[in-house]
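**Q** In order, the protein sequences belong to chains A and B. The numbers in our numbering rise by one with no breaks, and the one at position 155 of the first sequence is 155. Just remember that our numbering sits 1000 ahead of the position in the second sequence, which is counted from 1.
Since the hints were made in silico from the structure, they are not lab data. None of the hints are false.
Here are a few chain A residues that face chain B, going by a calculated C-beta distance under 8 angstroms: (1) Thr271; (2) Pro300; (3) Ile307; (4) Gly311; (5) Leu315; (6) Gly317; (7) Trp319; (8) Gly323; (9) Ile327; (10) Gly330; (11) Leu337.
Some chain A residues flagged as far from chain B (calculated, every beta-carbon gap over 10 angstroms): (12) Asp30; (13) Ala34; (14) Gly285.
Label-pair restraints from in silico Cβ distances: (15) B:Pro1042 with A:Pro355: 43 to 49 angstroms; (16) A:Pro439 with B:Asp1036: 38 to 44 angstroms; (17) A:Ile294 with B:Ile1034: 26 to 32 angstroms; (18) B:Val1047 with A:Asp431: 27 to 33 angstroms; (19) B:Leu1050 with A:Arg18: 41 to 47 angstroms; (20) B:Pro1042 with A:Thr356: 50 to 56 angstroms.
Please read all numbers here as calculations on a predicted model, not as lab measurements. Beta carbons are placed, not taken as given, at the ideal position from N, Cα and C, and that holds for glycine.
The residues making up each chain are set out below.
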Amino acid sequence: MSETSSADAGGFEPGKLRTAPTQMRRSRDDRYIAGVCGGLARYLNVDPVVVRVIMAALTVVGGVGIVLYGAAWLLAPEEGSDQSMLESHLPAGPRVRMLGWIVAGVIAVAAVVGSGPWFDWGWIGPFPLLGLAVLIWVLARPRSSGSGQPAAPTAPATPPAGSATTAPGAPPPPPPPGAEPTTPIPQSPTASDATGSGADSTTAISSTTAMLPAGEEQTTRLPMVPPSNAPAVVPPAEQTGEPPPPLPPPAPGPAGPPPSPPTPKRRFDPTLTWLTLATLVVAMGLLWLVDQTITDVNGPIYLATGIAVAGAGMLVGTWWGNGRALIPVGVVLTVVLIAVSQLPVWKFGEINEAPTNAADVRSSYQMGAGQIRLDLTRVTNLEALDGETIHLETGLGQTRVIVPRDLDVTVFADLNAGDVRVFDREANGADASTQYTDPDDADPNLRIDIDGSLGQIEVTRA
Amino acid sequence: MKRHPLDVVSLVAAVIFLGVFGIWLGVDHGDLSIADIGWLTPSLLIVAGLAGIAASLRRR
Chain A
1 MSETSSADAG GFEPGKLRTA PTQMRRSRDD RYIAGVCGGL ARYLNVDPVV VRVIMAALTV
61 VGGVGIVLYG AAWLLAPEEG SDQSMLESHL PAGPRVRMLG WIVAGVIAVA AVVGSGPWFD
121 WGWIGPFPLL GLAVLIWVLA RPRSSGSGQP AAPTAPATPP AGSATTAPGA PPPPPPPGAE
181 PTTPIPQSPT ASDATGSGAD STTAISSTTA MLPAGEEQTT RLPMVPPSNA PAVVPPAEQT
241 GEPPPPLPPP APGPAGPPPS PPTPKRRFDP TLTWLTLATL VVAMGLLWLV DQTITDVNGP
301 IYLATGIAVA GAGMLVGTWW GNGRALIPVG VVLTVVLIAV SQLPVWKFGE INEAPTNAAD
361 VRSSYQMGAG QIRLDLTRVT NLEALDGETI HLETGLGQTR VIVPRDLDVT VFADLNAGDV
421 RVFDREANGA DASTQYTDPD DADPNLRIDI DGSLGQIEVT RA
Chain B
1001 MKRHPLDVVS LVAAVIFLGV FGIWLGVDHG DLSIADIGWL TPSLLIVAGL AGIAASLRRR
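Make the full structure from the sequences, and use the hints.
**A** Structural data, given as structure tokens:
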């Protein structure tokens, strides 16, 4: 732990706050979890304790601290590396970092909003955080130890580098797979084996510099990081137009001397991605055709079918080809599906009715997203409504009912989140609900049930 | 598309998304109710995670 030695040197530079998201590095030696606080403190030149206290405080505010920490974990490279965890698993280069921070910002804002008393995540509760944990777990596993494709080819990472710069023909001694982290150790032996002890130091240096992007001095802890570093950073920048070229599919292990460090090991094979997306298009077309000819096909069905097709593509990608680019597709479709499944019906717009005859008052009004306005004040034969029940439901939006003076009503209003106003009774926030019953008298009695997910319910008397 | 060693990321993602589809199907067209989502979703994550753990260990 290098204490805070560097912290006192120049003092805090506020300007660095702006560049911190893209420039900071996670600390290697000053860390409790992933070195985010230590790294940020070092970048900002402040005491790490300050950063940790702020982070802890933010965690209390709707878990914002957790979101930001997780984001930094995924998006900020470790010291001595130019590639963040996410970048090393995704096709995109460092450009993805800013995008990632924007997404994290949106989630953080949503978390703050969501932590207010007026909103309830309901059963979704901890799942976004669980999802983040799973994501980190999946991405954090060292790529050498047998995660996915990268494993096979990168395992003998150090040797190729050494052999390329020194003695291509000499079979490098296989590095112990679980070898201890420190850089020089795996390298020096290789170099000295190949060229003899005299050239030791120089070859070690040259092989290091050859493998690493400019500006790198230290290789990362794990022996296999350098190779995955260099190729992954370079190629994506070149093939901007290409579909996300995520982790290249496994290639045959490096046979013999060939690949010199800068050459990409394998290229992303987009076959599976395109195949799946094309299948998706066909499926959408078929559904649409069914919608036009046989039966109604609503939005959720399209979304769910899309998720199924993308999932099938990923399943294929578990053994053949590379389907990782489909994951974002699945995520987006799932989020939209969750959102639209809040709607009682697949219907958008406005229902605005002011019936004059009790016979025209329907027993049920439903709107997916939009507005329902039911004005009962013009009904002339109110006695015909006596004993009836009307049910109104708006998934997202406003439901308004206007009741005439000489009609008694019993109102049950339930809203998952929002504002409920029934005459002089109000309820708001999560699970807002209220009941109202007119005092019993000679007037005809109508029961009104109103449900909604998010929005407003209003019952007034003319 | 060449055959390659099992890709854990793809496997976990596939289990999750196919599971989401299955849950939707069960709720929208099957006998499951909205309330069942409350235990189905966590169960799905557990299954996907276990699949990932098993696959990771097997690859080692």
